[in-house]
Structures are given as structure tokens and as C-alpha cells.
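Student: Here is what each chain is made of, one letter per residue.
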Amino acid sequence: MIDFIAPLLAAVISTGGGSVVKQEQQAINKIIAYADSGVNPKPTLQDYLSAGVAGVDKTNVDAYNHLVDSLEASDVDSAQERAALQTYFITIDPIDNIEKTEYFAPFNIRPSVNYGGSDTLRFYLENSNEALINASVDSKGVISISSTGNGSGTGVSDLRLIAFTGTQASNQTFSITINTTSTSSLTFSPLDFTVVSDEVWDETAVRKVLHAFAYGGHATDTQIRTWAAMPPEHAIVQILTFEPQNELLSPSRYYQPETTSLERLARFWHQAAYVKPEHRDRFTTTPTSWEVPTASWMMAVLTHGLNPFLHRVGLWESNYHMAVSQVSGVYPLPLLSHYDSIMTALQENRSYEQVIAQGAKNAAVAYQYGHNRNIYSNGVFRGNEDFAREYYQLFFGILGDYDHDYHESVTIPNTARALTDMQAPWRPKEEGGPVRTITFGTQEHYGSDLEILNTTISGHRADIKIDAIAMEAVEHEESLRNLPVMIIRHFGDDTPSTATITHARNSWAMMPVKRLLPFLWAYAVSTDFHSSSRIKYASSIQRMMTTMNLLTIDHEENGKMFYYPSWELTKEEVRLFSPTHAVFGHQTGVEASDNGNIFRVNYNRSAKDGWLYWNYYECERDANGECPRDSNGNVITIWEKKWKDKIPENAQGEYIVEEVARWLWERFIADGGKHYGALERAHLIALLNGKDLALFLDEQNPLATYTKAQIVNNSGIKRLLNDGAIAPMDLKSRDIKKRRQADYRVNLAISFIAATPYIYAQEGR
Amino acid sequence: MKRRDFIKMSAMTALFLAVGGMPSSAQAAATIGSRTIVNIMLDGGPDFKHLMVPPFESDTQSYAAAYWRARASIFKSKAGDSTKLRQAYRDNYDEVTVDGVRFGILKSCAWLKNEILQGNVAIVNNVVASTNRDHYHSKLIMESGSLHTGANETDTSGWGGRSVTEIDANVVAVTQGVRLVCNGPDALRGYDNTRVVSNYDSRNMGLYLYDTQADLDRGSRSYIWSSQAIMSRSLKGYYQAKADDIPQNSPYRKFIDHEQKFRRFSDRVKPRLKAQPIPSAIKALYEGSNTLESTYFGKQIRNLYDSFVTQDILEMRFASMEYTGWDSHREQHRLLEPKFHDLFGTNRGLHTLTSALSQFNSSIENNTVFVISGEFGRQLKSNGDYGTDHGRGNSMLVIGKRVNGGFYGDPFPDSDIERLEIQNEDIIGKTSMFHVYAKVLDWQENGLGSRVFDLSNQPIETGVDLSRLMQA
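Residue numbers (our numbering), protein chains in the order written: chain X, 3 to 767; chain W, 9 to 480.
Watch out, some of these pointers could steer you wrong.
To be verified - For lysine-lysine, the following PhoX-like pairs were computed, each having C-alpha atoms within a straight-line distance of at most 25 Å: (1) X:740 <-> X:646; (2) X:562 <-> X:710; (3) X:278 <-> X:573; (4) W:278 <-> X:573; (5) X:676 <-> X:720; (6) X:720 <-> X:648; (7) X:573 <-> W:115; (8) X:676 <-> X:710; (9) X:573 <-> X:562; (10) W:278 <-> X:610; (11) X:644 <-> X:278; (12) X:610 <-> W:282; (13) W:115 <-> W:92; (14) W:282 <-> X:573; (15) X:610 <-> X:739.
Think of the hints as simulated: they come from the structure by calculation, not from any bench.
Same shape as in the complex, but just chain X:
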């Protein structure tokens, strides 16, 4: 029996205005006591946090208690031993189907632990499939499962206790490594959504997912057909991943760094040979390279070989959900760190509250709100309440409706105190610029317990308290109500129905560990997302990035950065990483749709300033800006856009106007032809024949306009259009002039599609 009373008493210290028990020592003693005897009080989550035991959260605290109870007091009476507790709790990748077992052989466990053959190693598996683990492990002949259990006593249904006993010779030590958990371990669950039928899950449905979640993606038509043929719940886990690269969504045979980090990507592109030299400076990562976050993000979305969905989520997190703004003085490098740390947390499959807490602990957020100056000194709090409020409202969706007076008078002021001694000093650029990460101090931190959200939050540093608050907040009734709705509004539905909202809330609530990816999976293949009543207007960013992605044909085109959309977005008064509403997020799709000025700019982009669409080659211009020409008068190019590489031939090996028109419409609008009506058909047929409709129908009357009724009913017009529809296109002609003319006509057609009403919104069905 350990005497834990003495140190407990010794830990009484004087803080601020009065004496309080030093929380840390009290917690340690409680853990030791519980290890000594299970009849002693169970340590709480706060106790573990206060004692500095890493890796404990709401989901596994019972498991920790289970473990501690099985140990002796002497096993946990040193800081080193307590720190080692987490090595017992290694989440390994669950196995959801037999094909995946190969990825788990040899059985990887990290951190490495020495394991004696006569010992028993205990750890918990999350959502594991025991039988497959058994088979996998046995096949390697290293260890075998001597017993399995369901985590009895843990009280956590999705955790399973697996006890391994070595089969090696007694006392032989070997190393086992488990991968840290990653999103590849996740399995699909419909949650409270209903998965669409296979009939609904067709190519158009896949394209709608790609448009909504991945700016159209870069998947091949073949891949899209493959996904459409798969059960939606199988396809979606391939389409939406948090890995740096998704070779199905964005295939490429060229090298790209395998990283989610915008900063690392920027460094690569800064030196990449395939990036045009005049663009490489956009990727300079100095303290005052204000353009680098925008340039790197756009390139990350547009580049084939990475993962446009991942960075679509990155934009949500950094420009909408946990937004910071360069306009507010958030410097590029802290901003990049903000983005990158969130991406890392997502990729590492951390729970969503941990992702949010990571955002809250970033220096960029502190610069944005100014709580890096919050201190508690000599019993006095000095600082502001800005982030103390917005942490709840913006990060978790807690507005205080549960009890406004309490929220205003207790939770927010106390949270301001929790956010003290977060050291992020501003430094001039000569000294490296503002720091990227916060140093969490204790000297000027309010170290005592704080009542927040009707619970007690402990921790001797702000980061500990931020984590603890996150665990409470994510389960708060208001967050459960609002956060999932915020997410689906952003990604898929401007005005979700009551039923959709209910499904989203229930789905979110039923996840014992809330994670963004499985939630988006379930929503993306749900009847709610694929409902004909769903409407999602495109923000300027969404529209531009999707259009540019679908315009891009090849790797070389990426490097030339023809479609660097920053300038185009600026015309629409949108600047990435400088959200329209500052911390309240960037322009929404509804706002964009209501804004006549944005319509004007986009319309004129197609009608007047269409270089973006019309360009189809690059040459080495002379001093006069002229392209060199060959003996036949053709421009000598160093790159040409060849749509034949994307547009499929028909069965006869031909490109026919009508077929090309339909293909383009589906690629850029993705509505299954729902809005490809007589007017759209007529104008596209004309453009793919190199003329506008008026000229195409009557060259002597170029100012004529034609109604739908005329197009549908006038036999002469119908005949001309039908003739135009079956005209071949010279997309693969050996005649350079003809081929270029055909490519140019495709670009005109895209220019037209990009200005129709249907480019501005997506319907569910």
C-alpha cells in the first residue's frame, strides 16, 4: 500500500489569492491509489490529463482505468511509468475485409515494445475484426492470440481488449510495431443516413460527389464508371480519403511529394523543373511570402497526383470553420502551420474534437484573436474574450442558447482565463517573423480549475485545458445540434430539409468517436445528398476551382499554371486565406449566387475575357511577342492542349459534335443531362461547329436570336442543327490547322457552359 496522503498534503500550495490543492499531484496520487487497489476511487479523465498522462480521452478513459487496475502501484509511481501507459493503448488499423489483411503483415506496432515470450501484452483495438487479426498474425508465425475479449470492464463498446502471448521461445524478446492509426483503418457506416440504391448510384451521382467534395477531381472516365458500378459504400471510401495522394481520384505518372503539407509542397514547387520559372517565386516560403498559401493551395488542388478532396477539406477548415485571415495580420508561415497541422490531424485519423483542438492551439489563431497576450498574473486576468467566445461558436457551434446568462457570465470569462500564457510573440521578419507554434507556459497561466460548460476543466497549461474543453464541447447538446449541420451546409446543402438535418444530427451523435471522414462518407452516398430537393450554390472558389480542374488536361498544363485562378477570384472580390467575413468564414455559395456583380464578372469572363478558356497552346514568343511559324504558317508551339486525350472517341473511332457536346456538359455540369435542353444543345452544336447560333443558322443575320420554340419547332432550324450535330470533329486530325481549330471549338463550348445558370449550383438529382 502506497502512502499517498503525505504527498497529497504536501501538494497544497499557494496560488493567486488563496491556497489550492495542486491538481497534478492530487491526480497522480489518485492514479497510484487506484493501481494499488481497485476499490479506491477511479481516476477521472481530468485526473489523467492533470497527471500528464498522454493519450487519454473520453473514449478510452475507462480502458485506462481497466489497465491501471490491473497494474501495481509501483508500476505507475514514476512519471516515466505513467508516460509509458499509453504504450499499452495502441490503436491498430481495423481490418474491414479480407483483401486488406496483406497490409497488416508483418504486424506493425508502434511504438516498439519489448515483449517477452512469457509475458502478456495488453492493448486495445478499435473496431477490430478479431478473426482476421488472428489469421493475419498467425500467418506470420510470430504471435498468436491466446485470448480475446470484448474489453470487458471498459464500458466502451467499440474498444476490444486483445491479449497476445508470444509463441517464441521463453524470454526471447522481439519487437512489435503497430502503425499509428490512419484513416485507411476506417470502415464505412451509413450512420443514420440511408445509402442510395445502386440504381441511383450512377455515373452522374459519382460526378456530383466529385464536384461537391473534390472540385471535380481528376479521375478518368473509366474510373468514374468503375465507381458507379461498385456499391456506393465501397466506392466512396476510395473517392474520399485523407491521404496525401489518391491515385484513383487524381492519377498521375509524375512524382509529387507525398505530403499533406502546403509548406512542403510549396518548397517542392519552388524548385520543380516542370513549374514555369516565372511562377516559382510564388512558392517562396519566407516570413513575408504572402502569396504562398494561396499559390500552394491552388496548386495542391489542381495538381494531378495529389488529393483535391483533402485540400477541399483544408479550405473548409482554414477559411470557413477555423478561419484566420491574412488581412488581420496572420503571417504566411503561421498560417501554413495552421493549415498543415490540421491536415496532419485529419490524416492521422484523430477525432474531430482533437482536430478542432489542434486548430485552437495554433499560433495563427492566437494572432487572429489576440489571446496570445492573455495572461493571469498576481491574481489578475489581463486579456480579451474574443476567442473565448468564438472557440465555442465557430469551432463547435455552441452559441450559448443552453443558458445565455451562464454562457456569458461563466463559460466565456473562464475560457478567457483558460487561454492564458499562450506565448506566440510577434517577431519582425528579420528574426524569422511571427512564431509558427505556441509555447504554452505555466507562469502566467490560470492554473486552477475553471468551471466551463457546467463542468470542471483542469490543467496546468492552456493546451491541456483546450483539449479538455474540446472533449466537453464536442458532446455538448448545442454542438451536437449545430456542428453536423454546419458541415453539410458547407459541403452539400444550402437549405437542408428537416429530415436531412435530423439524419445529420443523429449520425453525428451516434459516432462514439466523432470523425469527419466517415461522416462525409455517409453523407456523400446518402439519399439526402442525392435527393432532387437538394440544392447547393457554388461559391466563387468552388466554381472556379472545379472549372479549372476540369479544364486541366495534363501534368505539363499544371506546371504552366495557366489556370492559376487567384487573379480570376480577385475579380470576384475573393481572396483565399482572407475570408470575406474574417473569422466567420469565406463567401458562401448563396452569397455568390445572390451577387449580381459576381454574375457579371463570370459572364464577361466567357464573353469578353475568355483567354482562360480559349487558350489552347503556348509558344516561345519573340521580342515582339509573336509566335514563330512553320513554312505552312502554323504556329510552332511548345505545348498544345489536345482534348483528344480526354474526350472519348465513339465506337467508330470518331469525334462527333453531338457526342462531344454531351460529354462536355456532363463533365462540367454533371447533371445527367437534366438541363441539357434544346437551347443548350443548339448553342453547343453551333459553337462546336465554330460559330455562334445566329451565325450558324443564318450567316446573313448575325444579330438574330432564337427562342426555344423556334429551335424545337422550326423544321429548317432543326435540320441545320441535326446536320451540325452529326458533324465530325477533327480532334485527332493530322492536319495541324484542323486539329487546333477543333480544340479551339471545344474551348468555346466550355466557355459557354461556364456561363450558363447551371454552373452556379448543383442539385442532388
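Add chain W to chain X, keeping to what the hints say.
Tutor: Frame of chain X; chain W shown alone:
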């Protein structure tokens, strides 16, 4: 959708069908000099208690003394340092007396001071619209003009949009986006933007159209091969035909409406503006020698000027402006005062605008009212970061030649003396902002306020008579 809006919409639907959505110019919904409301939203929660302050007093029991103690940190002073606080008052404020109330107004806001002294400014105190201290939700409530507007209920009408619907005119948004206040009612979709004219880039209004006729006249064949010619004719013809193809309740209808508005207005706006160059003083606000801290606001001044120049074409009776960045949690003295200066300084935003408009047409000045407010006020006591945190109640300003200037509501209530000492206390909202908006609307058209707002159960401070807010 509110029931009230729904009922109104039933009547309006018939009108839309009759006139094709927008009021036709033949109806002369607005002429230059028609009574017009300019709503200026100060996003972030503007601290009007910093703009107008009680004169520093040494009587420690007075409101003024409590005020200066409570807000000492804003001026980097200790609460008990009366010498420094007195100096801060002298350095930063001019003292004036209105309605027997002595107060200080920021020296940098000399134009506003002058307007106050001329009786053109109603200072309505202790106003409130929101039920909470959240920026986003508070703005939704304020701009929709309904306490029932939910925290994420963006698909609702605004009081400006409803008002122009009632009087058959248009809202002109001179901002980058269209604020919720501009939204008109719609029974099915929650709101309708048919009557909103986006005029952020006023000198470039319009959709491009290649001049094919000019080519035909001079025998050029450029119209056949020019990409611009092909595309502009193509899109014009498409949208013209599409207007009859997309139903009114389609989610895509709003893009047809945008196109039609530009077609309708731009041909008439362009020659008018060409004949009326941007006044140099206005241009200087955003790209000249007198650049505002917010060049964005300077551009809005230009856009609003142009909108008044073309008021009859745009049928404007309500204009929407915004000035952001009033969330003064920190460094209030340094960061907030330049914004007030932008708005109210001599030869700055509003002074420059009103001067230019007077020169253009004197009737505009007499028939325009500026309504200036934010989503909430700040706490009475400053925080530890030289700023102020969120509160609820606030003041607001109504400015114009037709305004009966003066104080409406007690600016320095004795009941706040003790509360000034307590962190987290804020201005008690006694008068609903909706009453103030409604009175301004009543000035625009008799009875309009009560048709736009549901004023039942909306509070009004005892002794405050808003019926005298506006002259007939």
C-alpha cells in the same frame, strides 16, 4: 419564412406577375431626389460609447467619473489616474452640448459634430436588436428585422428588401456582396433578390456585347471570327431565350434575373455616368491623396454617388453600405478611431459624399437619410487588452436634413454607475432598433414601418418619443 412575409408575398406575387418582377421605369418608382434610406452597417459591434463620451469629471460619484475609470485601460491609463484620464479626454474629444446634455465627441469626427450641432443627427441610445452577443446571429436578427430569426436562418427577407417591395422600388447594394437586409420576401424560397441591384463596380456595370452592327456598317468581317463576337452573341441569345424557359421558382432563376437587370440598366446607366465623371474628392477616397483607411468604403462611396446619379434608372429607394472591423477587443483607441474618422471626419467618407451629391442635385441631400448601426454594443468596462468585449445594447445614428436631431434615450444613465465597475455588464437595451427603422420608413412612406416590421412587444425606453424622429 415568416407568416407575415408570406401574407405580404401573396399580394406581391400578383404584382410581380403584372409587372414582370422589377418595377418598370414607366412607373417612375424613383426619381432623383426621391426619399431614400442609406443603411450603413458597422460590422463587429461598434462602440458608440467611444465616439461620444461623458466629459471627464473629478466627482467620483458621477457617471462620468465611473465611465472614465471603467474605460481607463483603453487610453493605457490606470483607473485612478485622473490626470491622465482628463488629458485623454482633452486630447481626443471636443465638448458639445445638445438638448442640455454635455458630452465629448471624437475630435477626428468634426463633420459629425457639425451635423449634430446643426440638428441633423438623431442619437438614439440604449437601442437593441439582438438577444445575444453573437456577431452572426445578431446580424441576422438585426437585418431581417425579426427577433425570431434563427442562428443559421440566412434564407429570410430583410427589412430593406421588404420596404422596397412595399413601395415598388429597388434596393441598391453598393457592397461587394448582397447583405441580408436587402433580401425581399418570397413565400417559397424564403427570400427574393429580384429587387436588388448589385452595383459594387458602378463604372463597369453591364454585360459585354460585341458591337456586331458596327462591323456590319463598316464592312468588317471580324464579327465572324472574333471569339468575343461569337461568345457574346451566343450568351446574349441564350439568356434571352432562357428567360422564358426557366420557371420563376427555379433555383437557377436568380441568374436570369441578374442578366436581365444588367441588360435593362446598363445601356442607360453607362451614358449617364459617362457624362458625370467621378468627383475628384470621391475618387481621392480610394485611390488618391485622401485615401480612407478602408478604401473599400471609399469605393462604396463612389458606387453610392453613381447610384444617386442614376437613381431614376435604378429605381433606388434603399441603399446598402457596410464598414467592417468594429470588433474592438484590443487596442480600441488606436484601431477604432481611424474608422470613425473615415466615416465622420471632415472631407472624409460621408462628408465628401454628401457634398458631392449636393453639388449634383440639391434635392438628394434633403431627401436622404443615413441610418448607421451595428449588431450590438460593447461591454461597459474595458477589458485587459485595451479594448472592449461584446455587449448587447448600443446607440445608433440617424443623419439627414429631415431628421430632428438630438438625443433619444439617456446616454449616461445614473443606473449604470455601479454597473460600470463590473466586468461583463453592458448597455441595457431599452428601445428596439426596429422602432427606429420603422420611423424612418414611415418618413419614406406613411405607414410603411408597420407594414415592414412587426412592432408588437418591441420595447421603447420610457420617455422616448420617436414620433418626432423625422420631419414630415
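Student: If a hint holds in the structure, say so; if it doesn't, say that too.
Tutor: Now the hints, each set against the structure:
For the proposed pair residue 740 (chain X) and residue 646 (chain X), the alpha carbon gap of about 13 Å is at most 25 Å, so the pair holds. A distance of roughly 41 Å separates the Cα atoms of residue 562 (chain X) and residue 710 (chain X); the hinted pair therefore is violated under the 25 Å criterion. The hinted pair formed by residue 278 (chain X) and residue 573 (chain X) meets the criterion: a straight-line CA distance of about 24 Å does not exceed 25 Å. A C-alpha spacing of about 20 Å is found between residue 278 (chain W) and residue 573 (chain X), which places the hinted pair at or below 25 Å, so the restraint holds.
Simply put, residue 676 (chain X) and residue 720 (chain X) have alpha-carbon atoms about 21 Å apart, close enough for the 25 Å limit, and the pair holds. Between residue 720 (chain X) and residue 648 (chain X), the direct Cα distance comes to roughly 29 Å. Violation of the 25 Å bound is thereby established for this hinted pair. Restraint check: the Cα-Cα separation between residue 573 (chain X) and residue 115 (chain W) comes to about 37 Å, which exceeds 25 Å; the hinted pair is violated. Proximity of residue 676 (chain X) to residue 710 (chain X) is assessed by CA-CA distance (about 16 Å); at most 25 Å being required, the pair is judged to hold.
Taken as a hint, the residue 573 (chain X) and residue 562 (chain X) pair is honoured in the structure, with Cα atoms around 21 Å apart against an allowance of 25 Å. Note on residue 278 (chain W) and residue 610 (chain X): the hinted pairing holds, with a Cα-Cα distance of about 18 Å set against a maximum of 25 Å. Our distance criterion of 25 Å between C-alpha atoms is met by residue 644 (chain X) and residue 278 (chain X), whose separation comes to about 20 Å. Proposed proximity of residue 610 (chain X) and residue 282 (chain W) is supported: the alpha carbons are some 21 Å apart, at most 25 Å.
For the hint linking residue 115 (chain W) to residue 92 (chain W), the alpha-carbon distance of about 18 Å falls within 25 Å, and the restraint holds. Between residue 282 (chain W) and residue 573 (chain X) the alpha-carbon distance is near 22 Å, which keeps this suggested pair within the 25 Å criterion. A hinted pair counts as satisfied when its Cα atoms are at most 25 Å apart, and residue 610 (chain X) with residue 739 (chain X) qualifies at roughly 24 Å.
This entry does not satisfy hints 2, 6 and 7, going by the numbered hints stated previously.
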